[in-house]
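Visitor: Make the full structure from the sequences, and use the hints.
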Amino acid sequence: MSASTAIVLIVIMFALTFDFTNGFHDTANAMATSIATGALKPRQAVAISGALNFLGAFLGLSVAATIATGIVDARLVTTTTVFAGLVGAITWNLLTWLLGLPSSSSHAIVGGTVGATIVQAGAGAVNGTGILSKVLIPAMASPIIAGAGAALAIWLSARITRRNHEGFVLHGYKLGQILSASMVSLAHGTNDAQKTMGIITLALIASGTIGAHAGTPFWVVAICAGAIALGTYTGGWRVIRTLGKGVTEISTQQGFAAESISSAVILGASHLGFAVSTTQVTSGSVLGVGLGKGAAVRWSVVGRMVTAWLITLPVAATFGAAANTVARGVGGVTGVVITAILAAGVFAGIFVISRRQPVTADNVNAPIPAGARHALAFEADEDAVAVAIA
Amino acid sequence: MTTVHLAFAGLLAAAATSTPIINWTGLVKVLLLAIATGVIIVGGFSLGLAALDVYVSSLHRQPTPDEHGLLAVNPPAKGSAVAAAPAATGGARYASLAVALGFFGVCMVGVVIGLIEMFSK
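Residue numbers (the numbering used here), protein chains in the order written: chain A, 2 to 391; chain B, 5 to 125.
Just so you know, the hints here were simulated from the structure itself, not pulled from any lab data.
Please note that a few of the clues may not be correct.
What the hints assert, rightly or not - Sample of chain B residues with no beta-carbon within 10 Å of chain A, all distances over it, derived:
hint : residue
1    : S62
2    : A99
3    : L101
4    : V113
5    : I117
Unchecked claim - Result set (SDA-like, lysine to any residue): computed pairs, CA atoms no more than 20 Å apart in a straight line:
hint : chain 1 : residue 1 : chain 2 : residue 2
6    : A       : K294      : A       : R163
7    : A       : K175      : B       : G109
8    : A       : K42       : A       : A367
9    : B       : K33       : B       : I120
10   : A       : K175      : A       : A48
11   : B       : K33       : A       : L137
12   : A       : K42       : A       : A52
13   : A       : K175      : B       : M112
14   : A       : K42       : A       : P368
15   : B       : K33       : A       : I138
16   : B       : K33       : A       : A149
17   : A       : K294      : B       : I39
18   : A       : K294      : A       : R160
19   : B       : K33       : A       : L133
20   : A       : K294      : B       : V43
21   : A       : K175      : B       : V43
22   : A       : K175      : A       : Q45
23   : A       : K294      : A       : I145
As the list claims (entries may be wrong) - Per label pair, the in silico range of CB-to-CB distance:
hint : chain 1 : residue 1 : chain 2 : residue 2 : range
24   : A       : H172      : B       : L36       : 28 to 34 Å
25   : B       : V113      : A       : I211      : 39 to 45 Å
26   : A       : L10       : B       : V32       : 42 to 48 Å
27   : B       : L105      : A       : I351      : 49 to 55 Å
28   : B       : L119      : A       : A345      : 38 to 44 Å
29   : B       : G94       : A       : R160      : 24 to 30 Å
Ideal Cβ positions, reconstructed from N, Cα and C, are used throughout, including at glycine.
Guide: Structure below.
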């Protein structure tokens with residue numbers, strides 16, 4: 002096996018790891034509201050979501066083309082650069098998962114790749130216009146658009162059903178939520194699995210395995226679909242809790258409206274070739290239905306989310322740059338292997354820390370104590386603090 | 005200056021010099037799609053649900069024969085939510101069912117057309 006082939010294999014392994022984290026980080030986007038309202042049981046929700054993510058990954062490749070050709074100058078990027086970008090993105094995804102923050106995997110991969118590319122080839126290799134017009138601006142506009150659409154939808158829906166029986170209507174929306182949540186899952190697979198396909202395609206182009214203008218090979222589509230589906234099925238319960246219970250307490254009517262608008266915006270943007278963040282779209286929708294119905298919003302949680310969104314790109318870029326600095330410093334395939342081992346150690350450390358306060362399918366819907374600053378607080382925590390103080 | 009700073013300087017420079025940074029047409033299309041979804045899918049489903057509720061409520065108030073064979077309207081339990089609900093009788097009952105099915109149909113057709121349009125590219 003040549004050094005080049007070994008690096009490409011490591012890149013594919015890390016790309017699939019990123020896809021996995023993307024899936025379990027973003028399960029919340031599709032299923033958080035359905036789980037929170039009881040429309041679906043947690044395990045049912047992640048199983049349906051995983052299957053539809055798998056299916057969605059095979060539909061359309063507009064976004065894959067955007068990621069592969071829109072971020073950086075592919076001619077100046079090496080497979081080591083792609084690898085380092087993935088390390089940056091995975092590290093950010095795991096950190097935000099640990100904190101239960103629904104941040105954007107799209108921004109993480111863009112940031113990681115940009116940081117690694119700058120170390121590799123300088124700032125000139127970054128396609129600033131492409132990032133701004135195809136990725137950043139749509140990603141910034143999408144939560145606002147989704148929030149506005151969701152606020153309109155819940156207002157309209159509440160007006161229409163205001164004279165009907167609340168119990169009957171909420172049960173009806175519970176059934177509607179199964180369909181709308183499934184649509185978001187399908188949209189997520191369509192939009193997000195393609196980003197990893199784009200990254201692997203970029204690595205294959207950089208290594209000369211395929212031509213610069215070649216399409217995404219089918220086997221890449223298939224393994225990416227499998228990785229995101231598996232990640233989704235694993236269930237990122239920490240983020241699900243934040244989005245389903247932390248931002249606002251939502252009803253099935255609000256959940257249905259939020260999910261319907263989210264799927265429309267994600268699918269519409271994907272159709273137009275915009276790599277929007279499904280996380281930001283769904284978060285915008287949840288906030289929109291909360292505000293549209295005058296529900297109480299936990300602004301402390303929203304503030305933490307928005308802060309994470311703002312720092313995603315630069316922090317992931319810093320991680321990506323650091324990874325590429327180590328890989329290039331050692332050099333060759335040895336540098337990539339050492340960086341991969343170090344990164345795996347960091348990932349394992351984050352997982353071990355998360356076990357100190359596990360969030361699972363069993364406690365994901367537990368009430369959040371009044372006045373809690375973040376969504377990962379549990380009643381037992383408050384009791385424990387009270388006992389400790391006593 | 006760090007490499008990350010250089011990257012963002014590059015981004016800002018690109019923003020300042022390039023012409024069509026924002027694809028306004030695309031963003032407006034996505035916005036219109038969100039509004040259309042809000043109106044057609046969510047609104048259609050809500051109208052269908054509201055009409056179905058009227059139909060189901062009218063079933064609960066259906067006249068039933070008493071021990072003497074006389075028809076009497078079932079009054080809803082005092083204080084129950086049904087008491088305040090809109091309810092249809094006779095032809096209006098079936099009209100409400102037709103309206104419910106019609107709006108659910110509109111909602112489903114909207115979803116199917118949207119999916120076909122999305123994946124036809």
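Visitor: Each hint: holds or not?
Guide: Consistency of the hints with the structure:
1. S62: 12 Å, holds
2. A99: A99(B) clear of chain A: closest Cβ-Cβ about 16 Å, beyond 10 Å.
3. L101: 14 Å, holds
4. V113: 14 Å, holds
5. I117: Holds: least Cβ distance 12 Å, greater than 10 Å.
6. K294(A) with R163(A): 12 Å, holds
7. K175(A) with G109(B): Roughly 18 Å separates the two Cα atoms, so the pair holds.
8. K42(A) with A367(A): 14 Å, holds
9. K33(B) with I120(B): Distance of about 17 Å is within 20 Å: holds.
10. K175(A) with A48(A): Within the cut-off at roughly 18 Å; holds.
11. K33(B) with L137(A): Between K33(B) and L137(A) the Cα gap is close to 17 Å, so the pair holds against 20 Å.
12. K42(A) with A52(A): 16 Å, holds
13. K175(A) with M112(B): 16 Å, holds
14. K42(A) with P368(A): 16 Å, holds
15. K33(B) with I138(A): Judged against 20 Å, a Cα distance of about 15 Å means the pair holds.
16. K33(B) with A149(A): Since the Cα atoms of K33(B) and A149(A) sit roughly 14 Å apart, the hinted pair holds (cutoff 20 Å).
17. K294(A) with I39(B): Measuring from Cα to Cα gives roughly 17 Å; hence the hint holds.
18. K294(A) with R160(A): 10 Å, holds
19. K33(B) with L133(A): Within the cut-off at roughly 18 Å; holds.
20. K294(A) with V43(B): 16 Å, holds
21. K175(A) with V43(B): Given pair K175(A), V43(B) holds - Cα atoms ~19 Å apart, limit 20 Å.
22. K175(A) with Q45(A): 14 Å, holds
23. K294(A) with I145(A): 17 Å, holds
24. H172(A) with L36(B): 28 to 34 Å: 32 Å, holds
25. V113(B) with I211(A): 39 to 45 Å: Between V113(B) and I211(A), where Cβ atoms are some 41 Å apart, the hint holds.
26. L10(A) with V32(B): 42 to 48 Å: 44 Å, holds
27. L105(B) with I351(A): 49 to 55 Å: 51 Å, holds
28. L119(B) with A345(A): 38 to 44 Å: 40 Å, holds
29. G94(B) with R160(A): 24 to 30 Å: With a Cβ separation near 27 Å, G94(B) and R160(A) satisfy 24 to 30 Å, so the hint holds.
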